[in-house]
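J.: Using the sequences and the hints given, assemble the complete structure.
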Amino acid sequence: MRNMRVEDGRIVSLGFEPLSKTKPPTQRTATMLHASAVVVWEWLNEHGRWRPYSPAISHHIEAVIRSDPRGGSVVLGQVDNRLSPYILDLQSMHQFRQDTADDCMIL
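The sequence shown begins at -5 in the working numbering and counts up by one.
FYI, nobody ran anything at the bench for these hints, they're computed from the structure. Glycine included, every Cβ here is placed at the ideal spot set by N, Cα and C. A couple of the hints might just be wrong.
Label pairs and their computed distance ranges (CB to CB) [what the hints assert, rightly or not]: (1) D62 with H41: 24 to 34 Å; (2) P46 with Q72: 14 to 24 Å; (3) A95 with A31: 27 to 37 Å; (4) D93 with A31: 31 to 41 Å; (5) V33 with S67: 16 to 26 Å.
T.: Spelled out as structure tokens, the structure:
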């Protein structure tokens, strides 16, 4: 799962200024960062490129993780009927397509 990207010591995908390396964030700052963070789950396509899941799918994955922090499986068809062949295994961090037995990595 990538919810942010760091380039040259800066968090860029969340749009925040870099946090001070010498001073830890205050509780209020940490709460603001957490409250405004967006988690984007991605899958590795056949061309070796990471592709994001839709916001609805990412939200569903996060809800499954909150309900069972040990991981488990996520049925994508519960959110989008077109994705009904796909199941995510959060233990192995792989996406499986049931009708073709194809699999790929997720993050």
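J.: So which of those numbered hints doesn't the model satisfy?
T.: none
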